[in-house]
Amino acid sequence: MLIDGILVSLGIMDYKDNITIEAGKRNGKPCIRGMRITVYDVLGYLASGMSGEEIISDFPELTKEDILACLSYAADVEKHTRLLKIA
Numbered sequence: 040m041l042i043d044g045i046l047v048s049l050g051i052m053d054y055k056d057n058i059t060i061e062a063g064k065r066n067g068k069p070c071i072r073g074m075r076i077t078v079y080d081v082l083g084y085l086a087s088g089m090s091g092e093e094i095i096s097d098f099p100e101l102t103k104e105d106i107l108a109c110l111s112y113a114a115d116v117e118k119h120t121r122l123l124k125i126a
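Quick note: to get this note's numbering, add 39 to the position in the sequence shown (first position is 1).
Since the hints were made in silico from the structure, they are not lab data.
Relax, there's no trap hidden among the hints.
Derived lysine-lysine pairs resembling PhoX-like cross-links, with alpha carbons at most 25 Å apart:
no.: 1; residue 1: 68; residue 2: 103
no.: 2; residue 1: 103; residue 2: 118
no.: 3; residue 1: 118; residue 2: 55
no.: 4; residue 1: 55; residue 2: 68
no.: 5; residue 1: 118; residue 2: 68
Using the sequences provided together with the hints, build the complete structure.
In structure tokens, the structure reads:
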């Protein structure tokens, strides 16, 4: 699969070098490489229709790999989400 010029396998990329969680930064939300830009921010930009290139243009400190790491992180979190039935 090709996303913004990067060939991506259908598996989950290793996002651990790109996504960090620090208790004192953005209330412990997952951020990109210790910056104050959260995974949620990037996913929101993508959901609003922005391309990876547009996001990088607005935030030049980000890379295509950072954006793909956000998608991989979200997919991994979703994969591990379970609904519990309360009786």
